[in-house]
Amino acid sequence: MRFDDIIIGGGLSGLLCGISLAETGRKCLIVSQGQSTLNFSSGALEFLACEEGVSYEQALKSLPGSHPYSKIGAEHLFVLRAEAAGLFERAGIPMRSDIRCNHWRITPLGVLKPVWMSLSEMTFFSKKDLPEKILVAGIKGFLDFNASFVASGLSEAGVDAKVCEVSVRELDELRDNASEFRSANLARALDGYAIDRLAEAINAESPEVDYILLPAVFGLENGKSVERMLSKLDKPAALIPTMAPSVPGIRLQKLLKKRFVALGGTFISGDNVISAEVNGGRIDSIRTERHGDTRFLAENVIFATGSFFSNGLKATPEEIFEPILHLDVDYSGSHGDWFNEDVYAVQPYLSFGVKTDDSLRVSLGGKTLENAWAVGQLLSGSLPLKSGCLGGVSVLSALYVAGQIKLAAQ
Amino acid sequence: MKDHTFQDCVKCTVCTAYCPMAAVTPFYIGPKQAGPDGERYRLKDKSFYDYALKYCLNCKRCEVACPSGVRIGDIIAKAKLDSPSFKPGLREWVLANTDLMGSLAVPFSRALNPILGLDVSKKMMDGILGIDHRRQFPAYAKETFEHWYRRKAAKAQKRFSKQVYYYHGCYANYNNPALAQDLLKILNACGYGVQLLKGEKCCGVALISNGLGAQARRQAKANLAALRKADGPVLTTSSTCTMTLRDEYAHVLGLDNANVRDNITLALKFLSEKVDSGEIRLAFRSDYQKHIAYHTSCHMERLGWWIYSLNLLRMIPGVRLDVLESVCCGISGTFGFKKENYELSQEIGRKLFDQIRDAQPEIVATGCETCKWQIEMSIGFEVQNPVSILAEALDIEETTRLNAARP
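So the sequences go chain by chain: B and V. Residue numbering for the first sequence follows our numbering, starting at 1 and increasing by one per position. Residue numbering for the second sequence follows our numbering, starting at 1 and increasing by one per position.
No lab work stands behind these hints, which were simulated from the structure alone. Predicted model, so just to flag it, every value in this text is computed and none were measured. Among the hints, a few may not be true.
Where chain B lies over chain V, by a calculated footprint (3+ residues, C-beta under 8 Å) [to be verified]: (1) 12–20; (2) 180–191; (3) 207–221; (4) 360–369.
Far from chain B, some chain V residues (derived; all Cβ distances over 12 Å) [as the list claims (entries may be wrong)]: (5) 29; (6) 33; (7) 107; (8) 108; (9) 128; (10) 150; (11) 162; (12) 284; (13) 357; (14) 382; (15) 401.
By construction, the Cβ of each residue, glycine as well, lies at the ideal position given by its N, Cα and C atoms.
Turn these sequences into a full structure, and let the hints steer you where they fit.
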């Protein structure tokens, strides 16, 4: 079966690359091994950690040349940030973003963290506009969101934060099975009138505050329940991510996939690419576990397979490798050098990834493959947790590669 | 054979977020707990989490969602077969023995079909067997496909130089021989003769899900023997039979099917690939116009082979195709027939029914027969296997000519 472009990996990076290509009428296939890390994400995308008011261009100057952003270049990144906003909008996913500099989100520990783009119901503040009095509303028995954690973190930041715990009877049956009293199950139960009554219970606690924060347990399929919840509250409000699975993350995954399929894209789930046929410096075709002998042919192959968690990279005590084609991987030292025993310290292995040239083409045995690219967390050179560039690298590398492919096709 | 993939579970619970059953009832603990979590406990005591296993639809959507490659559905299916307290009763035996019931019913189908449709019979089955009275039984055919084949088609198949085998399964044999005849029509026009397997039995999917493990293994062994004798590709029309023969035999029943697995393929995959490679050419009627909505059945989703159905449907010039979001229809074979499951079954199906109502197609296309029963009974839209749609849309004469002229 023949496609214009094959994308291996159906997470944020793979989907955005696929959508961008499919929007120009290209016939795309995404092969996804299972649900992606998007399902565990916060619904917020970071570009780069830097203070508010510092322009992204300024902050980019401090990055090493090996960082994917350095390869893409500041000018491209500026254009691509704008493009990303448009892409989400066309997919019907309401996002808030500022292409020039950071805003701030509140984490589940009540800490302020920089954010570039976020689902519109999540927190997105300018530091100077931070509310003075906040009510953090938890749900009784829901252990994956701790209102006190959020409140104590906020207090440290000088916010007057108070806590309440609410419930509605629709959640009682769920609560019988404490270990499955999880975000996705809550989101299913919190619909219609249950939302209205939950809002009433929160409103009763909120006369003195000017802002309300609550866990992101609304709207698994679409944003209707979120809108209903926020509109029923007396005060302005926003949602805070919970422990996994992430309801906003699942919704993002579903809506992006829906957009890709609506554009004519083919999305295969629960399958693994087991081999790729390389001829004359190009990948001609791939084969998957489920489809056996069927060859999927394509002009371009994009590796959006993620990092270690997503099996885009594998590690043994001896080596780190890319499992599909054994693409060249950037890593150094031996096993003992790959990680730091202090889990909170910078972990070198997080910067490992496949080697690419400045256009993000991958290489095999030292030779660049003309039509094969890497995007997202598979790329080497970024320390996502330290630099705060996780979502940005995924989104912008995907659009950068899609842009080059579209340009070459013109 | 023990499935050790449960050790790869990282407890992310994304399977539960995509489980159609967990979505409609808080009484199902979800695939993570019933599957890999429960498996740890079951190593000590086989009856752990027994009460939850009956909710599993065996739809395998948890496996499709799992980022860690855990065969959650298989783990649950095996736990169900091994469970000391999960005992099949008369109802399970009746529902699961599709082969036997079909053989008994077809000779009397003229009298039986109207009787099965009567309110009084439905009430009796509900009262005595626990088969829900709101459920419509699929009608039995007047003649089995096998019988018709021997009478009308067998001889004509011999004139083709290229031959394939057809594993028809119970549905095409006892309920809808027209589907099997449609496949013959297409394959013959494409230059292939069709042979039947010697000693084909029901794939046994309903035996597995109803706890009749020993019988399932016996039938599976008979099928494997028949499949090993086939000296050409074995084609199928049902997504569930296909998944059962290829995957469940090894993963759930612990039988070695390695030497036949790759030879079993959906007819639509076979055709799609032959058309793509230029070995087969199709000509379509110019007057065929249809608005079709494609529904991906759960087991088709697990196989990933819906792409071949869409590839072929998209070749038909007069087809306007809506691809529905892949969700479970709720019937899950015999599950939805059981009295205590009827409401859950309909509640699960609601997401699919709403999509079909929104699309308002002339035909819903799907590769699964029980999805067909569920959709037709619940919302009254006509459902066809894409094979039948293809057979109707093809210009058989021209297709025959195109393929005959080729070496």
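Verification of the supplied hints:
Counting residues of the region 12–20 of chain V whose C-beta sits closer than 8 Å to any C-beta of chain B gives 6, which meets the bar of three, so the coverage hint holds. Chain B is given as covering the region 180–191 of chain V, and this is violated because 0 residues of the stretch bring a CB closer than 8 Å to a CB of that chain, at least three being needed. Restraint check on the region 207–221 of chain V versus chain B: 0 residues with Cβ-Cβ distances below 8 Å, three needed, restraint violated. By the rule of at least three residues with a Cβ nearer than 8 Å to a Cβ of chain B, the coverage given for the region 360–369 of chain V is violated, with 0 such residues.
The beta carbon of residue 29 (chain V) sits about 6 Å from the closest Cβ of chain B, which is not more than 12 Å, so the claim that it is off the interface is violated. With a minimum CB-CB distance of about 7 Å to chain B, residue 33 (chain V) fails to clear the 12 Å threshold, and the non-interface call is violated. Once the 12 Å rule is applied to beta carbons, residue 107 (chain V) is consistent with being away from chain B; the minimum gap is 40 Å. Taking the minimum C-beta to C-beta distance to chain B, about 41 Å, the non-interface status of residue 108 (chain V) holds against the 12 Å cut.
A cut-off of 12 Å between C-beta atoms confirms that residue 128 (chain V) is not in contact with chain B; the least separation is 32 Å. No Cβ of chain B comes within 12 Å of the Cβ of residue 150 (chain V); the nearest lies about 32 Å off, and the non-interface call holds. With a least CB separation of 18 Å from chain B, residue 162 (chain V) remains clear of the 12 Å interface cut-off, as annotated. With a least beta-carbon separation of about 20 Å from chain B, residue 284 (chain V) lies farther than 12 Å from that chain, consistent with its non-interface assignment.
Taking the minimum C-beta to C-beta distance to chain B, about 17 Å, the non-interface status of residue 357 (chain V) holds against the 12 Å cut. Non-interface status of residue 382 (chain V) relative to chain B is upheld: no Cβ of that chain comes within 12 Å, the nearest being about 24 Å off. Annotated as non-interface, residue 401 (chain V) keeps its C-beta farther than 12 Å from every C-beta of chain B; the closest such distance is 26 Å.
Consistency with the previously given hints fails for numbers 2, 3, 4, 5, 6, ordered from lowest to highest.
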